[in-house]
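Chemist: Please dock the two separately framed chains into a single complex, following the hints provided.
Residue numbers (UniProt numbering), protein chains in the order written: chain S, 1 to 334; chain U, 1 to 276.
Any given hint could turn out to be false.
Some chain S residues near chain U, calculated using beta-carbon distances under 10 Å [unchecked claim]:
id, residue
1, G51
2, A73
3, M79
4, P88
5, M100
6, A147
7, V306
Just so you know, the hints here were simulated from the structure itself, not pulled from any lab data. Only a predicted model underlies this, so the values are computations on that prediction, with no experimental measurement involved. Positions of the beta carbon are idealized from the N, C-alpha and C atoms, including for glycine.
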Amino acid sequence: MGRITLNKVVKRFGEVEVIPPLDLTIEDGEFTVFVGPSGCGKSTLLRLIAGLEDVSSGDITIDGTPATDLPPAKRGLAMVFQSYALYPHMSVRKNIAFPMKMAGLSQEEQEARIKKAADALNLTDYLDRRPGQLSGGQRQRVAIGRAIVREPSAFLFDEPLSNLDAALRVGMRLEISELHERLKTTMIYVTHDQVEAMTMADKIVVLRAGHIEQVGSPLELYRNPRNLFVAGFIGSPKMNLIPGAPAAKHDATHIGIRPEHFRIVESGGTFTGKVIVSEHLGSDTFFHVDVEGVEEAVTIRAGGEVGLRHGDKIHIEPEEGQIHRFDAQGLRIA
Amino acid sequence: MARAVTSQRKAINTAIAWTIGFLIFFPILWTILTSFKTEGTAIADPPVFLFFDWTLENYAVVQERSNYMRFLWNSVIIAGGSTLLGVIVAVPAAWAMAFVPSRRTKDILLWMLSTKMLPAVGVLYPIYLICIELGVLDNRAALVIILMLINLPIIVWMLYTYFREIPGEILEAARMDGASLRNEILYVLTPMAIPGIASTVLLNFILAWNEAFWTLNLTAVDAAPLTAFIASYSSPEGLFFAKLSAASTMAIAPILILGWFSQKQLVRGLTFGAVK
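This is chain U alone, in the form it adopts within the complex (with noise of 0.2 Å):
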């Protein structure tokens, strides 16, 4: 039997979760608020909320000031690169540990795990004079790279519990019916995981474009993304606030977008296993 809710407790619960809600994604709105304030309104003490005169004049400076598409082109290049990058290594692993596993499987896929809990400053020192040693200082490539290696526990973490979930039975079968190791991963293994591939491409597409440590202390101009230049308006003198908000609008906009129309599949690919 379903446990009986009343009406007024749906009601408080309604609520409280409305309330939660509201404060998760407030700083996200007082972001895209402030950004149609001017300067002198977006520090006003006490703050004001909705009635302002909204303005478009940060935006414009913002457009005159800096190159909004070299950044934008930057992030996608690094976001999508590294996470195009990441499967395509990350598949052939995952496979090779959902499918024919040995007795350190587990192990590995832990201490592949572990790398993410190390700061990732412990090891800045080390890569910032790799990247000058190479000459690959803000480089798109070499970012590439590194936000792959960093997202690549999780890609294919993702990818292993996918195909864990592939009966391999199926793959047996298609071995049975004469499928070489090719025409296996082609026809029955990637349309059958293509949900799950789905979903871990958004979710690093996602965190790659969120990456800010790294984009920030390996680029300066040529492959600064967007993370940069939402950085190059946090300055610590001037009265500043309207425009970084109009730059952080600017810049999260498009994941924003992209997640929103994306959230059915991101929500299925992250509990995908759990609820059969």
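Only chain S is shown next, with the shape it has when bound in the complex (with noise of 0.2 Å):
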């Protein structure tokens, strides 16, 4: 069980508030993503869920215990950090039962512990070296089977694979999805990956400067941002948001359109422009474009190989119903 139940949680670091009072509920067995910008306070929320950090105010629940005033190994949870955190002098077979060690467990039962992990993550040909001789990518996994073997409530992963390559990065994400798909044990995962959040979340949780901006599923998000900054954090390559003239006609102070929701027109079409710079991905092409009466620059997408280049002009028209429109306040208007 894993429920964690976050009220009117404050973290103060002197005088500055980084989290000001924040309520949130974690259900049993979610995978819950923190995502936002740098120092959004991500990190801190989450370390104060682990126990790292002390509340100001406010109180944590894990499944209906307090647990406020519980140091960290109290918790029954388990943290996979961003630097991997491996104690660099100790063998992965000694990293991986050393949780098991400060619990008390039996010879037997740790040997079959760390034989199951190491199984499951492909570290058993790796248990009788040093962290310092493994890859970025095991050393990730090390980490991961230091906390498997807990068998905690809840993980807790800060940021745990910015530190690799983008193709591992990408197969990492697919172990991790794959894990909660298997233990069903509750996950909070932080990042300011956009991308890992919409992938492997059940739920997001976009946060800014310690506010919660909006929770939801990725593709409640997706299709209904609150709000400009969500809108435009939420979704790649962003969506486009046009203030003036254009959002005016919507009765709005600013429209978004996703770069996959415009239509390239032979004539016409609500907005024309030239093209800046065009992206080809062979699956898909993005499209900066220069539009007449709009300031920033226009991100479209289409779909397989367009050939349209640098300077070409083009007519485009956003799909029927997929134009968000905005408040002055940035608030989302229904």
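Modeler: Have a look at this one:
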């Protein structure tokens, strides 16, 4: 079981309030991702849950038990750090065994769990190596192994993939998702990468300056961003946010149209402009277009190969019902 | 690209380096050579370098006149005791400064170091009086404590530097893994800091071994270490250069041997953190 409740949690560093009063419930078995730009307080929030930082006020409950004043060791949570934080002087086997040794598990039980974790994480051949002799991906797997063997009520991941190269990151992303499918344990995952958030999460918590901007499933956030910040943050490439006259036509201060919700038309169209840059990915082509009457370049996605080049004239038309409207406060107009 | 160095240039540099090294080592070499001369040869003008009648007479006389082992034992107790005590006091202090720093940590560290800038003689009188008052003049335990206090800033600074190199996340991981503070220090911090602790111990042992101001001023007989042993052969009247050299050689031999065998550790310890 791993239901985690935060009730009016506040964190101050000296005079600075990094987390203003915040309420959040993470259901048992849920994969929750905290996402936001750097400095938004997502890591601090995770560390508060872990017990590595003390809350300034408010309380945290884990499985109905008050945990606010419990030390990290007593919370039954396991954490995977960005830097892996392996014990450099211990072999992989000893690293994985360490939490069990601290918990006083029998030698046989330790061996059995190490074997199971090593099998699951492809670490069997590396058990007697030191962390320094492993690649980044292997180290991260050891860190995950060390977390699994504790059989925690929840896993906490603090940007676990940001030290890996792009190819490995995709692989590890899948492994962590699979792990969640298999274990069905609560996972809280912190990242600044919205792609990770979208692909892995059951529930995304978008944070900015310690505030929760929106909580929802990836598709809820994608389809109905509550405000301009979420609209701009979720989705890649990001949503085109257009102010001024084009927005006024829709009785809004800003309108938002995702790159994938534009169609290229032969002539006419709502917007006309010139291609500044075209990015050909094979499966897709992205055009950055200098549109008449819109200050910022508009990004549009075209499926497959579309043969437009720099300087070509382009007519584009937003798809029916895919225009998000925002008011002067930046809030969504229903 | 590495800088191109011609072989001629290399040879010159090597020669210069050896010359400087030899000049630095020369006083010690001269002391050792003199210890094998007769008192007459020792003050010969012009000085004799290698070709003289080598004799062990001075060592025999020194052994006869004074109890070398007692001085040696005092040195071991005072240097070892003050180093050990210093580390025991400094580990928690450095731990706190490295891992739970406050706004004042940097100031405290600098303040501690500033005490090393005070000339020792400035506090000789009060400390001397305190020792008399407490009846601990010429007492090994008192010297252990005084030398510990004198070297403590250096011990704390060194340990602080080593601890700072240990990523806090690893200690946090240990905490998450269920380690108590005791287990965290025992199983995670200490094994990782052992090279640093070792070189700190080594350097401070050497510093305490060589310390002459306090050991000379606060001891007479019972607690006198090797520094006093050397000093007892320095006489303004007699011709005792050879004996003084023999005594000096005997006094520095143990620490010279220790230093020789641990030089790798020492250099690594002193440059720790400078190169990653």
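Chemist: Determine for every hint whether it applies to the structure shown.
Modeler: Structure-based check of each hint:
{"no.": "1", "hint": "G51", "result": "holds (8 Å)"}
{"no.": "2", "hint": "A73", "result": "holds (4 Å)"}
{"no.": "3", "hint": "M79", "result": "holds (5 Å)"}
{"no.": "4", "hint": "P88", "result": "holds (7 Å)"}
{"no.": "5", "hint": "M100", "result": "holds (9 Å)"}
{"no.": "6", "hint": "A147", "result": "holds (8 Å)"}
{"no.": "7", "hint": "V306", "result": "violated (47 Å)"}
Violated hint: 7 only; the structure is consistent with all others.
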